[in-house]
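Residue numbers (our numbering), protein chains in the order written: chain E, 1 to 253; chain Y, 1001 to 1253; chain F, 2001 to 2253; chain A, 3001 to 3253; chain V, 4001 to 4253; chain C, 5001 to 5253; chain L, 6001 to 6253; chain G, 7001 to 7253.
No false leads were mixed into what you were given.
Chain F is faced by these chain Y residues, among others (derived, beta-carbon under 8 angstroms):
1. 1232
2. 1234
3. 1249
4. 1252
No farther apart than 25 angstroms at their CA atoms in a straight line, the calculated lysine-lysine pairs in the DSS-like style are these:
5. 124/E <-> 3122/A
6. 7122/G <-> 6124/L
7. 1059/Y <-> 3057/A
8. 122/E <-> 3122/A
9. 5124/C <-> 4124/V
10. 3124/A <-> 124/E
11. 1057/Y <-> 4057/V
12. 1057/Y <-> 4059/V
13. 4057/V <-> 6059/L
14. 7059/G <-> 57/E
15. 2124/F <-> 1124/Y
16. 1122/Y <-> 2124/F
17. 57/E <-> 2057/F
18. 3059/A <-> 6057/L
19. 5057/C <-> 7057/G
If you are wondering where the hints come from, they were derived from the structure by calculation, not from laboratory data.
The model shown is predicted, which means the values in this text are computed figures rather than measured ones.
Each residue gets a CB set at the ideal place from its N, CA and C atoms; glycine is no exception.
There are 8 protein chains.
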Amino acid sequence: MDQDQLRSLLEQVRGGAVDVDAAIGRLRHLPFEDLGFAKVDHHRALRHGIPEVVFGKGKTPDQVSAIVAALVARAQNVLVTRTTPDVADRLRGEHAALSAQIEYFPASGALRLWRDRTLRGKGKIAVVCAGTSDLPVAEEARVTAEAMGNEVESIHDIGVAGIHRLMQNRERLMDARVVIVCAGMEGALPSVVGGLVMAPVIAVPTSVGYGASFHGLAALLGMLNSCASNVTVVNIDNGFGAGYAASLINRLS
Amino acid sequence: MDQDQLRSLLEQVRGGAVDVDAAIGRLRHLPFEDLGFAKVDHHRALRHGIPEVVFGKGKTPDQVSAIVAALVARAQNVLVTRTTPDVADRLRGEHAALSAQIEYFPASGALRLWRDRTLRGKGKIAVVCAGTSDLPVAEEARVTAEAMGNEVESIHDIGVAGIHRLMQNRERLMDARVVIVCAGMEGALPSVVGGLVMAPVIAVPTSVGYGASFHGLAALLGMLNSCASNVTVVNIDNGFGAGYAASLINRLS
Amino acid sequence: MDQDQLRSLLEQVRGGAVDVDAAIGRLRHLPFEDLGFAKVDHHRALRHGIPEVVFGKGKTPDQVSAIVAALVARAQNVLVTRTTPDVADRLRGEHAALSAQIEYFPASGALRLWRDRTLRGKGKIAVVCAGTSDLPVAEEARVTAEAMGNEVESIHDIGVAGIHRLMQNRERLMDARVVIVCAGMEGALPSVVGGLVMAPVIAVPTSVGYGASFHGLAALLGMLNSCASNVTVVNIDNGFGAGYAASLINRLS
Amino acid sequence: MDQDQLRSLLEQVRGGAVDVDAAIGRLRHLPFEDLGFAKVDHHRALRHGIPEVVFGKGKTPDQVSAIVAALVARAQNVLVTRTTPDVADRLRGEHAALSAQIEYFPASGALRLWRDRTLRGKGKIAVVCAGTSDLPVAEEARVTAEAMGNEVESIHDIGVAGIHRLMQNRERLMDARVVIVCAGMEGALPSVVGGLVMAPVIAVPTSVGYGASFHGLAALLGMLNSCASNVTVVNIDNGFGAGYAASLINRLS
Amino acid sequence: MDQDQLRSLLEQVRGGAVDVDAAIGRLRHLPFEDLGFAKVDHHRALRHGIPEVVFGKGKTPDQVSAIVAALVARAQNVLVTRTTPDVADRLRGEHAALSAQIEYFPASGALRLWRDRTLRGKGKIAVVCAGTSDLPVAEEARVTAEAMGNEVESIHDIGVAGIHRLMQNRERLMDARVVIVCAGMEGALPSVVGGLVMAPVIAVPTSVGYGASFHGLAALLGMLNSCASNVTVVNIDNGFGAGYAASLINRLS
Amino acid sequence: MDQDQLRSLLEQVRGGAVDVDAAIGRLRHLPFEDLGFAKVDHHRALRHGIPEVVFGKGKTPDQVSAIVAALVARAQNVLVTRTTPDVADRLRGEHAALSAQIEYFPASGALRLWRDRTLRGKGKIAVVCAGTSDLPVAEEARVTAEAMGNEVESIHDIGVAGIHRLMQNRERLMDARVVIVCAGMEGALPSVVGGLVMAPVIAVPTSVGYGASFHGLAALLGMLNSCASNVTVVNIDNGFGAGYAASLINRLS
Amino acid sequence: MDQDQLRSLLEQVRGGAVDVDAAIGRLRHLPFEDLGFAKVDHHRALRHGIPEVVFGKGKTPDQVSAIVAALVARAQNVLVTRTTPDVADRLRGEHAALSAQIEYFPASGALRLWRDRTLRGKGKIAVVCAGTSDLPVAEEARVTAEAMGNEVESIHDIGVAGIHRLMQNRERLMDARVVIVCAGMEGALPSVVGGLVMAPVIAVPTSVGYGASFHGLAALLGMLNSCASNVTVVNIDNGFGAGYAASLINRLS
Amino acid sequence: MDQDQLRSLLEQVRGGAVDVDAAIGRLRHLPFEDLGFAKVDHHRALRHGIPEVVFGKGKTPDQVSAIVAALVARAQNVLVTRTTPDVADRLRGEHAALSAQIEYFPASGALRLWRDRTLRGKGKIAVVCAGTSDLPVAEEARVTAEAMGNEVESIHDIGVAGIHRLMQNRERLMDARVVIVCAGMEGALPSVVGGLVMAPVIAVPTSVGYGASFHGLAALLGMLNSCASNVTVVNIDNGFGAGYAASLINRLS
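Using the sequences plus the hints, can you model the full thing?
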């Protein structure tokens, strides 16, 4: 039942064409949640600057193409995660007018249509990663955060076994309003970073490692047990989720 | 917003005291789900014969007492699972008039106020268990199914390593409309029973065992991998859940 | 020992050609289970409308072809799960007369020879899935339930993070006699659906996800711990099992 | 080396009592990190309103007493988590003048000396829990967030299997600037809440459950795989960590 | 249907009181497995010297007492595993005439009524254990094997880190017809023993250890991956199962 | 130090060329284990009929070829497990004179040079498997047992969900002196078979299954928790180990 | 066969009382490993300063008393790990003359008879722990290392979330020849320490933590995946093993 | 801030160009850790003979080429682990002058530029492996240890099931100053070796095995639970880490 239907019903009540009991009866049998104006209005405002997102993995090029075609019409920014160069080429072909605004990031497989570049974050988001193998996850976090209107400070290759590299970047870390830390293997970096800054830290375990890393499980457990109290955690390799949550935090005012 | 409020609002619309836009506005800002008559009515009918249930574990006697006091007023049958003899004594004292109808089952810790004994099931529910150590879980399933209006056929102590005992009970198994099978250790019994009957089988892994049973994990995995296609599974030791789901199936008509 | 042999023996007893002790002796040394008429008869009736099923994964095209050839002769409906387009083409060639009745479903790899389309279910089975990636599992459930004589209501793409989509489908869910819910990642949908309906809910965890989904383990554990009491669970990705068990429930009368 | 020592050294350099090479030598052999003024100053400002925290579990009453005695002198607010009534009584005795300001929360075992009650949060923090058994964890989160200067909105007992209870609290949820969700068993609530609000959601898996909940593992995995992108996760039962991280987010301006 | 019933039926057939079809009909509806003479006879012979066994853990003294009372009548030897001294005292009181033949073994909690001491094994069974903490499991194996008619050679405290102790016992090991090896921690001993002897080796992982032994899991996995091909494995701490299987092997002739 | 060296030394002692202390000194510095005649002799007799075995997986064709070339000279029977058709062809080429005696088994990848076909087993070994997918593992067990001088009775495709098929094979099972049971999925078959026979049962979990079978873990745990006391277990898919251990048992006399 | 027996045999050979063949025959049938002088001698020298060790957990006071009584006679230093104050009191009573040299450490439960206090280590061993809860494990490591002749530098309470505390102790860390690091929760400290020093680092995961620490598993996995290459790992809570291995390394010259 | 900058600042203080407060201010705002002379100097000495190491897995040939080009300029020895023959060929082409000194080891994928062949180890490092499948891991350990200036004694193919092979190599094992033991499957070899030698033993679990080896987990757990106290453990397949840690130990003087 949309707003027009409700108005029409109420006008019939007012005009006497429908009596009160009948109106109650008709309201009763309708799926009430279609009334939900408040929610929609409320969310519409809140959702400014949130891109539409397609999880590309496991979707065929046809599927991605169809979904993106629908989204392009109603959203300024569209993000496709974990997709392939072929899909990127195809989307550029299908949306030739937007081609210059479509970026593809091969390390992470992220694709971004970035039209609305309004800065909505109140501060900088730092995206830190422990080793070069963690770069794809960090890239996914950065691409997401940028598409949601944030300035991102990327800090690479600072592992806990070389603590001086971390210390050299301390000021940059302390300048950030939210910090994302991506690390595989033992996943210790978020604890150390968390101890240096007062900002919220979002930890992303990566599947980097071998043997007893068990595809990121070691890093995940390490981060969940962090002795730094400002650390929260997302799924293994979930750069997107970290970038998304950090962006919501950074736009709080 | 309850029905009275809605009626009042609609009458104001009808009488002109509230215009249509204002009415829409007021409807818009209300928690719409309070309108949900259909749902309540619909469920009220469906819920006939479903006892109110309290998960007793981890609740203090005071908490159980207070919750039961509230439930007794509005439900014919009340089930408290995993509670203690002390709580049973206390409840019998607090509800002296109902004392004769309050049963306590020490093996499983189930307590039942069973006033409405209408038979609602269309057939029998068989509750099978593999060994005597599985009896508490089977008891919880039986007590639940009975309180939900079912005739229960209990078949005890038929393990897969003594297949002749199982075969001797084949007719009783084949007479049941739904079969619940409780087994610990290797959890193989549901597969064998499932191959003998055409009824839906609900498997309950129990935590009976030691060592590599890992507190019921072995039985759980075994049941999930059952080669009998009519087997579905509930949580370890969840006799209540099995009794509940079996009762819903058995009342289908 | 089949029925003819038994008759012959008994007639010899009657005629005096075999005395009682000798008859007992001969009965004693026979594999007694071959006597089992009751079982066969009993099952024959019950099994009406149950298709023959071949688990296609790990079988060569030759093996599937041989098994199907044998089954086609004695069963109206045959279901091959998790097979390939090549096998589908070959079977259509080998059973040219049935070719029009052989359907292949590429998403799930299910193949169906569906000759007996009698409706045996007493109500509708709803097959719900959380995301588009869960569609193959939902398809396997639907194809199975249909082949077993059920009307299936497919409800797609209603995740718990978009609760309004779920609410919009509430009526369709409440109309179903049995509900199958397929979900990966956190596997939360069966709990929410289970809270909305009074029907038995069969939950199918899917291997959709990454990282800490551990190939469906997260969803499986979630479903086993469901706070909705009407939920039972089958193996990860086991759409077939869910469709099968739901069909047995739905034909109860 | 503190600031006075450094000043003294530099004055000796200026006065000629120490030459440059000797000064370099002395600087070289000192633990350089003691120079770290910037850090200390910077943190001193940031740390306003952050209580000193003692993890009480596994510490003897003597140990807790000694640590608290030291902290009381330098911090307005002190939080002791997971401690016992005995320790609370002892601390009240030892700090008689503060006794009225020492609160003990038996469900969670938290103890709070709360002297500085300045409101530092920019909005409300909602602390939601799924069942009554999750209350201790929610209490720890609330007590922490309050001690860090936040207004807390507690919303109890809204599970995913009773979605209408959740919907009735939607407005309260949408009013919060940060949402903490505590849930055991399948841990599905954060996903549903995350879909309803645009605020950051911190999910706390609880060890509530039995069998295949594996002491909170099922809830933890479910939350890590949440399909709601605004959800981050802390350790099982870590109400303190959730309250702490939420407080840091809520004070961002 | 027992033999008398069958004889009676056949005599009625012979006498003409029951015709062949009726006889078939009556046979058809009987639980056929009750006919199973062959099995019973066959087993009776095979089972000579196999004690009746009661798994004592989780049974009340009343239950154990009742079960043993029934078994004493029909079996020469009775074994109760994992029971308590109280139960032992009670059983000695209840079976005063047998009191001298009831042995209780406190380390393992095994209780044995050992009347038939016929030696049935063809050779010796060696029961080896790695450390003193493994002694209870070794005792359970020995007590079982003795009660089943075997001469047992106990070899204690020969760990793989002291290979010379193992070598000193090499001749005793090589004299055994079957070898049982109990070991916790890394569970390496069966591999080393397996390489020294040509006899079948039954490995029993014990829950001895701490930390990453995970209650015997480390030893279990080690034994399953043994590089010695003559090693098979039973459940953690399952001394009884090892003694039982070894006894069956040792009585092969 | 071989026997000749020892004799020479002792003769020098006898002849006075070496005095006692010098002899002790020379003996002391030699690797004593080379003295071990007893062991070698003892084993030589015991090892009659034990084939040399090469674990083919992960070895290059060159490596397998070289190892086999060395073994052919000193052993009548050689078994290569988990190898490829290419290797089989190459070995037939390299050992043209033996080509007719080299068998390759594609399902399991076993290759067998079988020259000494003496029957050494005292009875039959039954190799049972639950489903057609378990055939490769059963084949590896059979090929091994045959090469070690046993008559093997293969019983295929008798799952626990079709208990009548199992019962029909009861006599064949009861005739075996040792039984090997291969099963994947829930791994329940060994328990049922173990309950039917008095022979030792060696259970082989197979990796057949999907989802919560976790590559054979479910079957493995099930078998370790078997309620049949005559069941011991080997590693997942380890048909070779089962065949080997069964052969050692079957040659006991 | 000890040296006397060998000498006697050789003298008989020399004297002609035993001929060479008989001597070979007698040597052949003896357990050759008893000859092993070299080993004993070699080890005797190496073992100087290695205490005798009793793993106290799971042993009764009687057992510990008997073992210690035997060891006191032949070893200067004796270490009993994980024992109780009662055992300590008893041992002091039983060895009154040594009472002053018997130390008991309540946090770890270690008991030490320390008579030979020769310093055998070539440098210092640093024993570092992350939090006060890790102190018992660190104490076990220290007590062990001291009893093996090492000077131990204890550095407490330096966690990775407070990196400045770690840096302040850098010089002490860099002075150590071997470093032991005990840490629970995320177990990150060994990586950070490993990056600061060039010495071998032995990491001891502790069971300190809760929830997803899984009794030390998180710390263990973290340490095994350390990005610092000089880190090796021992079992959870195995302070003794770390102290022992560190002592062997530190005595290398 | 390097030493030159510091000197310049101090000279300005001495000369009066900068006053003390300003100097403190400038020192305060600098990243203090750049002062760290001691660390750099100290490490420079310690790091003599430590090769630069590149973890090759997951890096593109371009990336490896660029990193190696940078390292060649400043390090005598460079080690690239887990790389491919293509990368080896490319590096030889790019560094034609060094081509003769670049070695590639196909089994492990290690590549070594070995210019500084100074022997720095004080004794020999033994690298032992259990089976031929463990050779690649052993090779990685050996190549690392050699590049760090050690003489390596390789002992291959001595498994615990053939203890005589191990005993024959006892002297070689006892000659080593550090022992590395690589083993898959049950991972028992380090315990046996650890019992034979007094040297520190570094155990490397390998992923060799199948089924319940769980890709090296069984071996890892076995080694962590070793009953030999001189055993420490590194990650699964981490030959490099073992070689590195052993080299650090072996250079201790």
